[in-house]
Each structure stands twice: as C-alpha cells, then as structure tokens.
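Use the sequences and the hints to build the structure in full.
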Amino acid sequence: MALLPPDPVYTIRNVDNVPVYSLAFSFLPGGLERLLAGSKNGYVYAYNLQTNRVQQKIQVGQAPILHLIHTDSHLITQEKGGKLKVFELTNSGYEEDAVIEVDYPGFCRFEANTKLASLYVPEKDYKINIYNFNGEKLGSLEYDDASVKLGDVMCLKFIEFPCDRPCLLAGYEAGWLLLWDLNTNKCISKLQVLECPMSVDYHLEQQRGIIGNASNVIQIFNLGRKDLSLTLKLDVTIKNPGINKVKTRSDGKVFTSGGWDGHIRIFSWFSMRPLVVLTEHKQAIQDVAYSTEKVSLWKAYIMAAGGLDGAITLWDLYNSKQ
Amino acid sequence: MNPVLKEAFNRIKPVCDMLMVCPTADTVSNFVNKITKLKKDVVQELQQYLLFPFITHISSTEIETKYGLQRKLVDGMRAVLERVTVNSFEMCMKIEIGLLQLVFDKDRPGMIAEIPEELKLSVMLSLTVLMLNMDKKFREKLMKTQVPLLAQAVFVAVHIAKLDRLRALRLAAIHCVTAHTGTHASQTDDYSIKDPVIEKAVVDMLSSILPGVLAGLQDVATCADNPGHGVIVAAIDAIHRILCITMHDKFLYKKSEYTADDFAKMYLEKTKDKVDTEVSSKKPKEITKRSPEWYTMAGDKLMLVTKSLIALRTHEHHKVRKELSVFCSRLLTECNTTMQPSIPLALDVLIALSKDEYSQVSDYCATAVSTYFSTAAKDAKNKTMDSLCENFFTTLTCLPRVLNNVDSARKLSTLNLLHGYIQVLGSEPPPQRVVSALSVHTNMQCLCNALLEAAALDADLTLLSTVATRDVLAGAVTDSPWVRPRCVPAGGLRRVAACVRGLAATRAADLLADRLMQVALQHKLPDAFLLLNWIGSEPKAPTSLIERILNLYIQEDMWYLPLEVGGGEAPLTSADTLDVSVYDPRAWHRDSVPGLYEGATETRYTDISYRTPRAAPPPRTTLREAQRNMLVSCLLTEGVGMFALTLNEHYQPYLMKVLCLVLERISSPYELLHQAGLKAVGSITAAAGHAGPADLIRCNADYLTNQITRRLKKAWDCESALQILSVVMEYSDVTMLDYMYGIVEDVLVQSCDKYYDRNLESYLQVFITFIECLQKWFKDEDNTDSKPPERGLDLLEDVREYCRNQQEAERLLDEGEPPGGGQSAEEMYREDRAAELDDAADYGDAVTKEEAPVARHLSVTAAIVRRCVRGAAGARGAAAALRAAGGGLRVLRGSALLLPLVHAAWPPLVHRFEEDDPIIMRWAIELLVTMASVSKDFIRARAIKEVLPHIYRFLKKSSRDSYLKDAGSSYRLSLAFALQLCSLRALPRLAPDLALAREPLEDAMHSVDPYLSKKQPKPLQAAAVKFYETVLEYDYGAAWHHLRRLCRNDAVLRPKDPSLAPVVGTPFQPKNKNYENNIKLIFNFEVS
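Just so you know, the protein sequences line up as chains E and Y, in that order.
So for the first sequence, the UniProt record's numbering puts the first residue at 1; every next one is plus one.
So for the second sequence, the UniProt record's numbering puts the first residue at 1; every next one is plus one.
Don't take each hint at face value.
[Claimed, not checked] Just some of the chain E residues that point at chain Y, by a computed CB distance under 7 Å:
#, residue
1, 7
2, 10
3, 48
4, 51
5, 297
Think of the hints as simulated: they come from the structure by calculation, not from any bench.
Built from N, CA and C at the ideal position, the CB exists for glycine as well.
If you want it as structure tokens, here you go:
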C-alpha cells in the first residue's frame, strides 16, 4: 500500500463559493498576515491567516481577477479583458490610484518590478508594454524580426540578475521563450519550446526555469550565467495534461505545478522527480503561491493553492522541521 | 447616725444577732432577704457590722465539716459584698484569709481541700466579688504588700480550674484568677489597666508568679477531657490578659544612648565572666525581674505556652478559634519584641485562621495580619517574611504526611495555612518573595510534591461506566463528578485550588507550570492535570503560559489515551501474515514506493514521511491504567473549557482545533467523558459570548467542516469524524444546513469507496441522524400525512355507490381492459425506463433553459437514499440502510425526485423479502409502508405480485407458531413475534395506500383471518381487529362480504324495504366461537 497524499493544514471554503483565479500573500507590518484571493466575480477576498476567515472583501470590477500582486504599499490587480488597477494602501483602506486600460483578451499575467515600481503588461500582437504605478506608459518590448511569428504573449517572469541587470522572460503563443534585457529593451536570447507555454518560472540560484503548458510535459530550461543563453534541459512527464501554473519555492528545493486535473504536483529541484501529488482540489488549479514569511498560526512557510472549485488549500509540506 | 440608718440598723440587728448566735440555713436566708430590702448606701455604711457574723463563722472550727451551712454563709457574705465597696483593709484581709482557708489544704494534691464543689464555687465567686468590690487604695496596698497571699489565692484558683470537673466552678475559678491579678474584664478597659500605679503593682506581682499561673491556665485551655468551649475561651482570655500585661513591650527597658557607666558595667561583667562561667548559666531565679535578660528568658519559656495553645486552632468551636486569634493578635501588637520567639507561631495561626469558615474569625484574623504588615517596620517585616518563608516550606514538607492522616480538621487547617502563606508571601509588589524562594530547585520540588499529594484523585470503576441516555440539549453541566479527592476532605480541594491559583498569579507561575507539565508528560498523572487546570483558570496567569498548557493538552498522544480495558489489537497471527518484517498488513506506510502513481508520495529524497502514520497499536491497557486515562481525559476536556474562559479573545486560533476535539468527547460512549465534553462546550460558548452551543457551532462551522472533512479522509479518523458529525447534527438547526450538505456529500463520496467499508455502520448511522434532522427541520412540509375525513355509516349511499360502480364496470368491460390494473411489471418497468430517459433528456435541456433548482436538502437526501438503496442490497448494514432509505423517502415526499428513487429501491427491497431474516424483514416492511404512503399506487402492481405474497405466506405460516402462545410464552420475546406484529400493523396502512381491491384485498383479509381467533396472542388480535376496522372504513362492502363468509352462519337479515330479498348469513355472529369476541369488537367500534 502506498502512502496517502498528505492533507492541507487548512482548507478555506469560500462562503460565496466562487472560483479562485489568483492568490497573493500579504504581510503587513504590525503582524497582519493575509492571503488575498482574486475571484471570478471580480472581488478580492482578504483572508486573515490567524482565523482563516474573510476579513475584507474588496470589489475591483466585474470580470474575473486573473492576477494580483501585493507590495508593501500597493495592491495591483489584473482583470480578464486586460484592465489593470493599482490600489494604494492607506489608513482608510485600499484607494484606487490608477487604472491601466489594456486591450488584451488572453490569460497572460502581468509582471512587476517592485523596486522600480514598474509593470510589464502584455498587449495585443506580441507586444509588452511597460508602465509605472501611476499608469504612465514608459516603453514597450517589441520583437522586430518579422520572419519569426511569435503570437500573443502567454506568460511573463521578471528576473533581477546580479549587477543590476533586470530581465524579463516572456513566453509566446507560437512556442517561443524570449529573454528581454530591460536596460536596453532588447531581446538577448530565445528558445523554441514544445508548445504554447502557459506559465513560466525561474529560480536564480538553480539557474533553471520551468515551463508549464497544455500538454502532459513540464519543460525545464537552463539560462547560461555568462551569456544568458536559453537552452532546454529536461522534460518531465506527468499523468494528466494541462498546467495552469508553475511556481518555484524561493529556497530552490522544490517547485510546484497546478494542473487542469485539479492536482498539485510538487517536484524536487534536486532529483527532478515528483515528490507528491496532492489531490485535494476537485477542479482545475488556477494559482499557487508561496508565503514570503512564516505564517504565525502554523509557524511555517505556507503554500496556498486555489482553483475553480472555490476552495483555497494551505499546505505545509517539505519544510524541514527542526 | 442619721435616722434612716438608725431605723435600718434596728431592723437588721435582730437578724444579725440571730445569725451570730445561731448560724443555720434559715437564719442566713432570712438575713439575705432582709439585706436585699435595704438601700445600698445603708448596706455600705453598715458593712462591717453585717459582715462580722460571717467572718467569725467562716473561720470558726465549730461548723468545720458542715459544708452546707458553710456554703450558705459564704453565699450570704457574697450577697453583702456585692452591694458594697469594701472600706476596711483589715476586714478585707480577714475575709480573704477566711475564705482561702476553706478551700486550701496544703497536704492534698493541688493543695485544694476536699470539700464539695458547690462550696468551692461559692468561695470562688465570693473571692472574685471581694477583689472586684475592693476600694482602689486597698487593692493597691494589697498588691504591694500581700503578694504571697494573693499568689496563694491565685494558685488555689488555678488548680481548681485545672483539677475540678464542674464547669461553672472552673469558670468561676478562672475569673477568680483574673480578679486576683487585676486583669478581670471589669478591672480593665479594653485589656489595659488605666491606672499606672496599679498597673505597676500588677506587673510586679505577676512577673514573680507568671510561670505557675500560665502553666496552670495552659493546662486548662488544652485540657483533653472536653471541658466545654466556655472554659477554654475563658482560659485563653485569662492567659492573654495576664501575659500581655506582663510582657508588654513598653516595660522592656531599652537604652537609646550608652554612657560610660554602661561600659564600666559591661567590663565588670566581662571580668566576672572569667571568674564565673557564663551569663546563661545563671539560674533563672537569679535574674533580675523584668530586666532585658529576664524578658528574653521569659519570651523563650513562654513560647512553650504559645506552642501548646496553637494546637487549638483546629478546635471545632469558632469562639475558641476567635479567642485564640485575639491572643495571637495581641501578641503581635503588644508583645512583639518581648515575645519574639512566639511571633511566627502567632502569625501562622492568624494566617491559617484568616481562611476560617466563620466570617467573624476570618475577618478578625485577616485584619490583624494586614494591620501587622502595614504597620510593622521594614526590618521587622523582612525578618518575619523570612521566617514565614521557612515555615511555608516546613508546612509543605509536612503536608503529605498531614494529608495521609485521618484528622480532617488538621488537614483543612494546614491547607488554610498554606493558602494564607501563599497570599502573604505573594502579596508584595513583584518580585515576590515566594518567587525567589521557589527558584531553588529543591523548594520547587517540595512544593510540587505537596501539591500533587493534595490534588491526588481517586479512581474507581464508576469512571468507566458508559452513557445510558444522551441528550446534548439537556442543559449545562456545572460540577465535575470525576474530581474525587483521595485524601483531602470535602471542601479541602477548593482550598488547594485557591493555593494553586494564588501561585499562578505570581511570577512563579511559569516555574510551577513547567514542572507540572513535565510530570504530566512523563507520568500522565491526573493530579498534575488538575493542578494545571487550576493554573490555567487563574485570570492573572500569563497568557503565554496558558497557551503552552493548552498546546500540551491538545497533542494527539495526550488527548487520545487508550480507555478500553485490555484494548489494543490482538497480535498478528499466521493467518494475517507469515512474516511481519516482510509484510505487515496493518502498516500504513512502506519504506519505499515501487512505482509512483497518482496520489502517492515519494519519501526517498526528502525528510517527509507521512504526517500521521498509523501509530503502533497501544499496549494492552490494564483496568487501573484505563481508569487513570479516563480521569486524565476528563480533566483535559474540562481544562480546555476552563482555559477558554481565561483566554477569551486569545482563544480564537485554538477554536479551530479544539472545537472538534470537544464535540468528539460529547459523542463519547463514556458517561463522564460525555459530561466533561458538555461542560467544556458550555465554557467555550460562555467565553465566546454565544447564545448557546448551537450558536457556537454555527459561527465556527467553517472550522468544523475543515476538521471533519480532514478526518473523513483517514481511515483511522473516520470513526471520530462521524461521531463529531452526529453531535453537530444534534446541536444544530436548519441554519447549519448549508455547511452540512458539503460534509454529507463528502461522506457519500467516501462511503462509495470500498476502502471505508469497515465503517459502514457508522456511515449509515450518520445518514439516519441527518435524515432525522431533516425531518425535524422540515416538519411543516412533511406534515401532509393527514387522515381521510371521518365518514359516518350511510348504507344507502353505499348501495348507490355499488350500483354506480357496477354500471361503470359494465361500461368498462364493454370498452376493454381497465387501464393499469392488468399491466405486467415488465411493462411498467419499461414505461419507467422510458420516463427516466425522458427525464434525462430534460436534464440535457436544462443547460439552456433555467429550471427551478431542486431544494438542496432534497437533492442531498436523494443522494443518500440512492446510496442506501445500494447498501440495502449488501450483506452488512442492510437494516440501517433500509431505515435510512425509508426516512429519506419520507423527506422526499411530493418531490420530483421521489418516484425514480422508489423505482430504484424496489429490486433490493424485493430481494430482502425473499430472505428469512426477521430483523431485515421488519425494516423492509417499514420501508414498504413508507413507499406506499409516499408513492401510493405507483407500486401497487409489483407489490401485489412480488412482495405481498411473501407477507401473507409469513403470516399464515407463523399463525400456527403463535397459536396458544399466552402472555408468559417465550415466543412473545422472539423476533418472529415482533415481525408478525409489525406485518399485521403494516397491512391496514398498506391496503388503502396501495388502493388494494378485489382479490388482492381479499387475499390480505384472508391472511389476517387466523388472528381474529381468541387463541392468538392479544396484541396480534388487537392488530387484526384494527386491520378490519380500517378496511371497513376503506371498503365497507368488501370487508362485510368477507366477514360474512368467515362467519358462515345461517342468520337471516331482513331489509326494511320488503321489495328487497332477505340475506342469508350475517357477518356478526361467527359459527366458530373463537372469532366471536373480535368480530364483535370490529363492529362495536364501527357502530359506536
């Protein structure tokens, strides 16, 4: 008999029972630990991680909230259809600061450089625009080689290389992965991958990245340290096709994939083997997030996963216990 | 001489003369009568004259042994003395000496003459009166010059008080002592002598006779032969009056400045020392009275008195304890310096008595202690504190020994003392002295041992009794029946708790709790948990500490202790596995996973192993261990509730885990654990400010759902999840339903899984509970089961209807087959399938057109029924499944989901009727009745064909078994009998519901016939009669006809209308006499 899959430390069942599209942890000074969940009905639910109950319900719009990022002072949401909203956290709550109207029908999540307060927003026709938090456009990334047909932007990953060299990984519909140098706004490396990437993540110390796509193969790629060249390294095959989200943990020990089958798979960066398949969710996983700080209730770094079944599961796995 | 005096003298003189000449009882009483009529100032003037005869007679030898007369004389003298202030010193001396001579005999033990007690009493009273009514200047003179005489009187009085038995005499003697020492209540003002001259004289005198007097009085006070509380109180009173006046601090001469003379003196003494040996070797008698050395010496010696007196602090009479506390308090305030060695003892007494149950004692003591500490100098206070600390630990060391004794008064007093110590030592602003004292390892150990001994609990068999009836809504549990102290007497545990709470409020709380937690963890000792509960219930205890204790409590290995005696699993046999090292069928996890597949976990490269692997089976539990574990479990549960009350808002994070654990306790089969659970839930509810447990559960439904679903997924937690669920259902109301659906649906998903088959019964139980709850909550909708309106007998209407029916039948016969009636089951089934397919097609449409959604409770019920129908076909749990299905169908009455389910339930039901198991048959019949009542003639055809014949056959067959089985027969206890009764009771409900008619109805009646016989058991007869009554109501004609055939008589019924033919045979008089009674009953009822 094999082991049963482990249990989540807690399952938050939303009272409204709406599908969860995006998740973000927020650790505010003063010990306020929250998990923000953007959901299908256009609300952001803020769960208090002490009580695991809804503390605040923020109405953002009508469309599903595809992605959200919480910095120390700002909450940035992206609605389906392309509208981005920047909220500033004030004493009286979240106040809408800026709205960026983007004409983009896809599912690509935006990226942000919190240090420079700049946003990288996918645009129609393989364009990526750069905005600041006030909604002013700063520039755009456009691939000028007309011979290569890239298709729409599918996924983004911002990487801050040492020596102040910010870069942006972008996956395109036609199965291309491009690395943009954000200092020069030039493409410095590109890689043809298996098929249209759905989600990409990269771990700086491992110097490796993961691509999740609609097939049953997770692709691992290398990024050369000196020339920043992209090379494919390995394919990991899983049982059911379709990955919505790949995410690496910041300590570089494991990475996670959340699939259409509702299963969360955790892989070891060391062995590149799946460690566990979590079968808690009954419908597709939409987002997986790792906490940046220890959650005091569980005294551990927590992984949160949410999906179309409306549940958010909190996990405390592969954290070495002293 | 004034005329008034003259006149009075004239009157009194003959009486006096008489007395002088002839002293008899009569003359004395005559004299006394006269005296009482005289004015006071006259007596005062004539006192010498009046007293003269008495003085003479008392000291005369003529009446030496006439004790009665002597007593009369003494009493007579007292009558005079009471009215005067003695104004002659000589006379005074004469009386004193005369009276003393009466009671004094230096050859006898105690130097008391052998005379009647009554005489002694009179003498004592008279002596007292004399001393009290003496002129002030004579008293002074007496004190100064006649010390030996007074000492003799005191000595005699003390010995009388000590040796005699008469209580009045002893009291009088003690008063006599105080009167002679100038300390009597009427001679003093609030214990002190106002006149400094007299005071000086008194103190001088007392300092010489102090040891003897006090030793005697001490003997009286501590007398073992129950002298009565009055004597003891008087003795203690006398002791502190004498002692405190003599040893008063103000007489201790202290030099503030030293002169050259002092040094010279000191030098002299030193040089003398060299010649002589040591100061202390001086004989006590040689020490100068009332010098500092004398005081030191006296203080040391008097400590013995104090020591013997403090044994009285456990005296059962509160006045004694009160007097003792007066004594101690006076020591503290008046003789603080002189009586230094006794001070800690006195403080002990006051501290212990400040927890007395009598408020006049406890209040007095508490005030005395606080006044002492608030007024005492810092130095003295520190010193006292030090000695108190020492005493505290001495008491702690003694405590186990005291508690294992039988003297419960002593136990209580020791516990009171302990509490008082903790209060005094912990009352300072931090850092309290008790904290520093307890930081020492050995001290802490001593404290823990003592407290554990005090909190020791008794475990007995009743602890493990299981619950008889369970009613969670019965009301809050307030007491703790599991706490039965082993050695502390009743009420003592409260004091121990007060001690622990007192400690918990100091900074020593952490130290103590740490140590107790260690004990709790290592030995699982109930006593330690009891103490921890008390610590946690102290509001002043630090929050972090309580949280630590709580965390310890809810650890899995702490919370779930084995309670089953001999529990644990039997060792593996070769039937299970040949070699455990190769294959252990009970292991949850293997070291390696051969092929990784969905839902499996890799453990090779990380340190993860399954979080809650199945624990090794617990070692077999002995009875003693089980009892102890039960105690611990009860205390843990209670504690979890108590902490909620102290933690309040900090408790919220724990609610997530604790609530489930506590609810699980409520569902425990053990009575005490169940009660503990109820108590804890009550406390948590109160702490969170909810209206009731139902409110609590509703507000925390998300936590519960999370926990229950989590447990449901684990085979080993399933049972507990189901238990929790049933409790939640019992508590909750319709508002909980939304949360419940999710869980119940989860349960369904699980129960379909083969893996959980072993908990099948529990699952079904949950279903039954859930459906019962639904029935309760949706009662209004469910209440459609109304009876058809009562119909009176109208024969003519029946005939008319018969005619109508006849015509209708003929018409139909002409047209062809009547619809439905002749349809075969096959056809019906096909029809049903087609209808179902139509339904399916409808569902397909529903995607586009919004259909009114089915109420959630109906859809969930439908799911349950579907699952139960499957379960009903299985070998196990069929009865429960049938029961749940029946309940579910009742809930679904009138909904669109009903008929498909009835259809689906049919095959297993039929299958059940083919078996012979009476229990399952019974539930199957119940289900059939339910199905008939909810779906009416929907199942008529198949019921007639497939099910009813089984019932008829059974009734017929068993009618022979039950024949002549009277009330005492064992058959009546059998399952077959129960089934018979159940079938007979089902038929009257089935017949109208299934709309039976003609042959089927005839068959039914036919099968019931045998039970109309009076040779059948009474309940069966009653059921049969009921059946016919119902049928008569339902189809009068058919029943009439059938009964007529049954009766087979030749009676002729002649209709009133002559145009109708007479009928031969009535249904009213059976030929078979066995049926007579019941037939009558049937129609009697009908007619009336």
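Going through the hints against the structure:
1. 7: With a minimum Cβ separation of about 5 Å from chain Y (threshold 7 Å), the hint on residue 7/E holds.
2. 10: holds, 6 Å
3. 48: With a closest approach of 10 Å, the residue 48/E hint is violated.
4. 51: Holds. Min distance 6 Å.
5. 297: holds, 6 Å
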